[in-house]
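Engineer: Be aware that the sequence shown starts at 58, since it is given in my numbering, and climbs by one per residue.
Quick caveat, the hints were computed from the structure, so don't treat them as lab data.
All values reported here derive from a predicted model rather than from experimental measurement.
Please note that the accuracy of each hint is not assured.
Stated by the list, open to error - Heads up, simulated BS3-like pairs for lysine-lysine below, C-alpha to C-alpha not over 27 Å straight-line:
{"no.": "1", "residue 1": "139", "residue 2": "74"}
{"no.": "2", "residue 1": "74", "residue 2": "335"}
{"no.": "3", "residue 1": "335", "residue 2": "139"}
{"no.": "4", "residue 1": "275", "residue 2": "73"}
Stated by the list, open to error - The following label-pair restraints were derived from C-beta to C-beta distances:
{"no.": "5", "residue 1": "461", "residue 2": "140", "range": "41 to 49 Å"}
{"no.": "6", "residue 1": "255", "residue 2": "489", "range": "46 to 54 Å"}
{"no.": "7", "residue 1": "269", "residue 2": "233", "range": "19 to 27 Å"}
{"no.": "8", "residue 1": "372", "residue 2": "338", "range": "35 to 43 Å"}
{"no.": "9", "residue 1": "244", "residue 2": "346", "range": "49 to 57 Å"}
{"no.": "10", "residue 1": "233", "residue 2": "484", "range": "49 to 57 Å"}
{"no.": "11", "residue 1": "77", "residue 2": "262", "range": "16 to 24 Å"}
{"no.": "12", "residue 1": "81", "residue 2": "346", "range": "43 to 51 Å"}
{"no.": "13", "residue 1": "168", "residue 2": "144", "range": "39 to 47 Å"}
{"no.": "14", "residue 1": "268", "residue 2": "398", "range": "25 to 33 Å"}
{"no.": "15", "residue 1": "271", "residue 2": "487", "range": "21 to 29 Å"}
{"no.": "16", "residue 1": "164", "residue 2": "232", "range": "16 to 24 Å"}
Even glycine gets a Cβ: it sits at the ideal position worked out from N, Cα and C.
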Amino acid sequence: MPADAPKPEIETRVVKKVARRIIPFLGLAYFVNYLDRTNIGLAKLTMSDELGLTETMFGLASGLFFIGYLLFEVPSNLALHKFGARRWIARIMLTWGVIAAGMAFVPTAGWLYGLRILLGIAEAGFFPGVLLYMTMWFPRAYRVRLMGLFLLALPVSSALGAPLSSAIIQYWDGLFGLSGWRVMFLVEGLPAVLLAVVTWFYLTDRPSQATWLDDDEKAWLTAELESEDSAKGGHVSGSVTRALRDVRVWMLGLVYFGITYGLYSLSFFLPSIVAGFKQTFDTDFSLVTTGLIVAVPFAVGAVAMVLWSRHSDRTGERTWHVAIPTLVGAVSIPFALYMDSPFTTMLAVTVNAVGVFCALPVFWYLPSTFLTGAGAAAGIAIINSVGNMSGFGAPYVTGWLLDATGNARAGLWVVGAVMLLAVALVLILRGRVGAGPGPVAPPHEQSVRTR
């Protein structure tokens, strides 16, 4: 069908119905997921003194999450493929919620290290599992923009979570006899437990099982997705071993490593950078004000992410829609701490955040161009695992350099260099992944509201 041809009525109707049911719920779950993973960055502002953490120790505590996460990522995603998303995602959310809330009671740094590892094990498989789940429900032509809407939860989680977490730490200090940062962990861990129960009853594993779709809608969607899978050239069909041997999988993992290196450096250390304005620029921000300032780059990044993913779908281009924002983020972040005011510093940080968040939804389209079945379960998990090694490296290296040099500049130069490596790799991969179905439709034909 030509790109400018009107979409069949059933296609428009089904994509709308599925998107409205699935995307908001998965976005809410990811909001809670990312908040529970990164709220340690704001807890640090008061937790470090109570537990006696140096910058390096905090970086280690932040990064240890990803040790357990990486070890169990592929097995968890294969379990989701075997047992179904409804059961497995509910299990993941229940265990991570209990552990996240349990961090409120850590007595020492050692206990903090241990629970961060357990939290990573519990969360393993959630994000790649959701990505795999979306390939079971949405035709390829719609995935980038809908992925952008789902991933919107990531910057929104930081934009709303930063002021929320800082307000809990400041105003609920002493509640239940706990320090403010402990109350924050307790309060923000419980929503995952509640959502686990909802997930068990709400999610549907596959279109053929969806009682909320009409029979003709189920038949059309099932046939469309099966047709796309059978038409993939050079795909890794149902083979886990072929996914493990495919060089594209590992190279995409390294690209994702570079993009998320910038993401995790911001998420874990931006509160500390803003708090450091007191010494650098003679400012005096409260915890709540710090949280509000931290929220700004993520809020701007959220808007940019949606607009950029829509532009990618309109043009049908993928590789440059990953490379260009990653390059912008790489160039902007090293100069942030050379600025002469809090405003210009945050402006550079915001440009970096825009680059990171614009690259993410388009990046996750690329694996679906050549992976399917169990190979997709394994391949997506491998890419996410390799990429999330940055979750250990970024906070640890940044914290170590902060201790060693007394400022964050060296750490941010490393961020820029790693993101530049990601740009080079994605351009090397150009032509081997990312060939999409072309532009979905010109603006005047875009009748699907979720676009």
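Engineer: Let me make sure I understand: some of the numbered hints might not hold for this structure. Which ones are they, in numerical order?
Structural biologist: Structure breaks hints 2, 3, 6, 7, 9, 12, 13, 14, 15.
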